[in-house]
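**Q** Once you have looked at the hints, place chain U on chain D.
The listed protein sequences derive, respectively, from chains D and U. For our numbering, add 20 to where a residue sits in the first sequence, where the first one is 1. For our numbering, add 273 to where a residue sits in the second sequence, where the first one is 1.
If you're looking for bench data, these hints aren't it; they were derived computationally from the structure. Among the clues, some could well be false.
[Said to hold, decoys possible] SDA-like cross-link-like pairs, simulated, lysine to any residue; straight-line CA separation at most 20 Å:
| id | chain 1 | residue 1 | chain 2 | residue 2 |
| --- | --- | --- | --- | --- |
| 1 | D | Lys42 | U | Arg390 |
| 2 | D | Lys42 | D | Trp53 |
| 3 | D | Lys42 | U | Arg462 |
| 4 | D | Lys42 | D | Ala52 |
| 5 | D | Lys42 | U | Pro392 |
| 6 | D | Lys42 | U | Phe391 |
| 7 | D | Lys42 | U | Asn527 |
[Stated by the list, open to error] Selected chain U positions facing chain D (Cβ under 10 Å, derived; list incomplete):
| id | residue |
| --- | --- |
| 8 | Arg302 |
| 9 | Phe315 |
| 10 | Asn379 |
| 11 | Ala385 |
| 12 | Ala461 |
| 13 | Leu503 |
| 14 | Ile504 |
| 15 | Gln519 |
| 16 | Leu521 |
| 17 | Gln524 |
| 18 | Met535 |
Everything numeric in this text was worked out from a predicted model, so none of it was measured. For each residue, glycine too, the CB sits at the ideal point set by N, CA and C.
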Amino acid sequence: MSTATTARDAGRGASDDVRRSKVRTAGRRAEAWAGIVLTSPALLVFTVFMFVPIALTAWYSLHRYSGFGRMRWLGLENYRTIAADPTFWTALRNTVLFTVVSVPLSIALGLGAALLLNRWMPARGLFRALIYLPVVISGVAAGVIFLRLFDPVTGIVNQLLTRMGLPDVNWQGSGTAALLSVIAVTTWQGIGFGMVVYLAGLQGIPREIYEAAAVDGAAGWRRFRRITWPLLAPTTFFLVVYSIITSFQVFDVVYVLTRGGPGTSTTFLVQYAYDQGFNQRRQGYAAAIGMILYVIVLALTIVQWRLQRRRDEAL
Amino acid sequence: MTTVATPPGRVAAEPDTGQPAPSRGHRLRLVLAIAGVLVLMFPIYWMLRVSVASTDELASLPVSLWPRSWHLENYVDPWRQYPFLRWLGNSVVIAVVSVVATVFINLCAGYAFAKLRFPGRNLLFLLIISTLMVPIQVIMVPQFQLVIDLNLLDSLGGVILPRLAEAFGLFMARQFFLSIPDELLEAARIDGAGHLRSFRSVVLPLSGPLIAVLVIFTFMWRWNEFVWPLIVLTDSDSYTLPVGLQFLIQQFSNNFGPLLAMSFLSIVPMLIVFAVFQRYFVEGIARTGIR
Numbered sequence: 021m022s023t024a025t026t027a028r029d030a031g032r033g034a035s036d037d038v039r040r041s042k043v044r045t046a047g048r049r050a051e052a053w054a055g056i057v058l059t060s061p062a063l064l065v066f067t068v069f070m071f072v073p074i075a076l077t078a079w080y081s082l083h084r085y086s087g088f089g090r091m092r093w094l095g096l097e098n099y100r101t102i103a104a105d106p107t108f109w110t111a112l113r114n115t116v117l118f119t120v121v122s123v124p125l126s127i128a129l130g131l132g133a134a135l136l137l138n139r140w141m142p143a144r145g146l147f148r149a150l151i152y153l154p155v156v157i158s159g160v161a162a163g164v165i166f167l168r169l170f171d172p173v174t175g176i177v178n179q180l181l182t183r184m185g186l187p188d189v190n191w192q193g194s195g196t197a198a199l200l201s202v203i204a205v206t207t208w209q210g211i212g213f214g215m216v217v218y219l220a221g222l223q224g225i226p227r228e229i230y231e232a233a234a235v236d237g238a239a240g241w242r243r244f245r246r247i248t249w250p251l252l253a254p255t256t257f258f259l260v261v262y263s264i265i266t267s268f269q270v271f272d273v274v275y276v277l278t279r280g281g282p283g284t285s286t287t288f289l290v291q292y293a294y295d296q297g298f299n300q301r302r303q304g305y306a307a308a309i310g311m312i313l314y315v316i317v318l319a320l321t322i323v324q325w326r327l328q329r330r331r332d333e334a335l
Numbered sequence: 274m275t276t277v278a279t280p281p282g283r284v285a286a287e288p289d290t291g292q293p294a295p296s297r298g299h300r301l302r303l304v305l306a307i308a309g310v311l312v313l314m315f316p317i318y319w320m321l322r323v324s325v326a327s328t329d330e331l332a333s334l335p336v337s338l339w340p341r342s343w344h345l346e347n348y349v350d351p352w353r354q355y356p357f358l359r360w361l362g363n364s365v366v367i368a369v370v371s372v373v374a375t376v377f378i379n380l381c382a383g384y385a386f387a388k389l390r391f392p393g394r395n396l397l398f399l400l401i402i403s404t405l406m407v408p409i410q411v412i413m414v415p416q417f418q419l420v421i422d423l424n425l426l427d428s429l430g431g432v433i434l435p436r437l438a439e440a441f442g443l444f445m446a447r448q449f450f451l452s453i454p455d456e457l458l459e460a461a462r463i464d465g466a467g468h469l470r471s472f473r474s475v476v477l478p479l480s481g482p483l484i485a486v487l488v489i490f491t492f493m494w495r496w497n498e499f500v501w502p503l504i505v506l507t508d509s510d511s512y513t514l515p516v517g518l519q520f521l522i523q524q525f526s527n528n529f530g531p532l533l534a535m536s537f538l539s540i541v542p543m544l545i546v547f548a549v550f551q552r553y554f555v556e557g558i559a560r561t562g563i564r
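Isolated chain D (complex conformation) (with noise of 0.2 Å):
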């Protein structure tokens, strides 16, 4: 009896299995489906606007097209003109230089700024929000206030020099003086972002370390050098990184203040594409330089990932 018990449950049991499966094959189509439904809008705009684009982009760049007609394909002669154009050069030249110059000082002043308002003193949050205003304003009204500034002739920043006995800076005729320009205003909106990143990465060291280096007599200089600057290494990569791909797109500011001039001193990457492409309607030559811009960009993205999964497998 009690076998037949058994059975019979046995029996049950597997009927149940064969339902509850089917409920859960049933529960994981209606979770396919709805997955496919809520990510559809974006698959749609995604594939339109973003990995078609990517595509049609390494298309034309074999072609050479002014924007109407037909395209002629070239292969990688695009390519090769790229290689042997001195524009082409300087504007990659002048990009490294202004990365190599304008990162590491809004990385530097972010830190002493973030190093400054971590502790406590009166009106904190107002100066905190004071350094990242900058942030908040656009490129083009931030060049707006920068032309005048740097106003050869009448700009406060000459009569400063003046007064202080220094000779006049043509900053709208000195290659130098005009990447100099373009560096002070990209700084000037910079700081506030590398503040509040470098704020957070400082909230995230336990203060149980500072209090044992206090015990151990480390302090000022010492205790920035042994401590803070080691545990704040995750913030500094990712802020490098992330600077340097944005600055490998500033556009708005060097339109505004010094169109790229004078002659080709300040013209990046990005300029001498939407130059080449929109003005000089070269729109394959252009899109050959967008692709040189997105294999450029896209190395330091991966590097980036590669960066950021070992800090959070070290977490």
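**A** Frame of chain D, contents of chain U only:
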């Protein structure tokens, strides 16, 4: 009672809350902070100061630090000569529509990528995330052709639609939803709610902070955006504020008073948004995986 007695004098300098006794280092830091903020705020002050100056006043050197006369007409006259109100309207429409659409798209997709299993999920997410840092200059040539083909040239739709493919917001939304415990969703499902319904009734009410961050950043980016509207908008009536502003630079050339007055007006809406939602700017940056 046997807790480690830390020397109060040393630790007191460290805590980031509470009030330490005013010391020399303390005063030095305050002075440094004030000096730094003064330097950083000077361009803003100078924008305001020049915005009430006449051309003559700016030509006679040195320009005084405080205005001697207030030419407030700089703030009024350009409105009559140029379609500034249209530009403002265009900017508002573009920013608001972009914000609503971006938030909708990213909430839906972010939730699905974080909490639902469906075929191709990981590959799709990877593809989308790989566009996170793609500069507009990479894709602007084909996008321009696309906008022409869709008959959207010189329209606000032509500015809005292509920029809805914004991986940053989607990434942030997914990160946020990953932090919501599965048990909460399972409880809703046991009560008989479907996936879409539990998304609407359980997940959405929790998404306030995420929505705030998405709204602010999307608003800021679309409000300040320059190169894409510059390409798409050809008629001066359909300009946005940044594009209109760069048009004014050529119009006013050396007449900086009205130019800076208009620059200031163009950033006022952004400054208000910043003042009100300041907290979320910081939170948004802290939450994007940066620690």
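**Q** Against each hint, give a clear statement of whether it holds in the structure.
**A** Quick rundown of the hints versus the structure:
1. The suggested pairing of Lys42 (chain D) with Arg390 (chain U) holds, with an alpha-carbon distance near 17 Å, which does not exceed 20 Å.
2. At roughly 16 Å between alpha-carbon atoms, Lys42 (chain D) and Trp53 (chain D) fall within 20 Å of each other, so this suggested pair holds.
3. The hinted pair formed by Lys42 (chain D) and Arg462 (chain U) meets the criterion: a straight-line CA distance of about 17 Å does not exceed 20 Å.
4. Simply put, Lys42 (chain D) and Ala52 (chain D) have alpha-carbon atoms about 15 Å apart, close enough for the 20 Å limit, and the pair holds.
5. Between Lys42 (chain D) and Pro392 (chain U), the direct Cα distance comes to roughly 19 Å. Compliance with the 20 Å bound is thereby established for this hinted pair.
6. Taken as a hint, the Lys42 (chain D) and Phe391 (chain U) pair is honoured in the structure, with Cα atoms around 18 Å apart against an allowance of 20 Å.
7. Pair hint Lys42 (chain D) plus Asn527 (chain U) does not hold up; C-alpha atoms about 76 Å apart against a cutoff of 20 Å.
8. Hint status for Arg302 (chain U) relative to chain D: holds, with the closest Cβ pair at about 6 Å, below 10 Å.
9. With a least beta-carbon distance of about 8 Å to chain D, the hint placing Phe315 (chain U) at the interface is held under the 10 Å criterion.
10. Here the hint on Asn379 (chain U) is kept, as its CB sits about 7 Å from the closest CB of chain D, short of 10 Å.
11. Hint on Ala385 (chain U) holds. Least Cβ distance to chain D is approximately 4 Å, under the 10 Å limit.
12. Restraint check, Ala461 (chain U) versus chain D: the minimum CB separation of about 13 Å is more than 10 Å; hint violated.
13. For Leu503 (chain U), the interface hint holds, the least distance from its beta-carbon to any beta-carbon of chain D being 8 Å, beneath 10 Å.
14. Interface hint status for Ile504 (chain U): upheld, as the beta-carbon distance to the closest one in chain D is roughly 6 Å, under 10 Å.
15. Interface restraint check: Gln519 (chain U) against chain D, minimum CB-CB distance 6 Å, threshold 10 Å, status holds.
16. Checking Leu521 (chain U) against chain D: minimum C-beta separation of about 9 Å stays under 10 Å; hint holds.
17. At about 12 Å, the closest approach between the beta carbon of Gln524 (chain U) and any beta carbon in chain D exceeds 10 Å, and the interface hint on this residue is violated.
18. A least Cβ separation of about 9 Å between Met535 (chain U) and chain D falls short of the 10 Å threshold, and the interface hint therefore holds.
Taken one by one, the earlier hints fail for this structure at numbers 7, 12 and 17, listed in ascending order.
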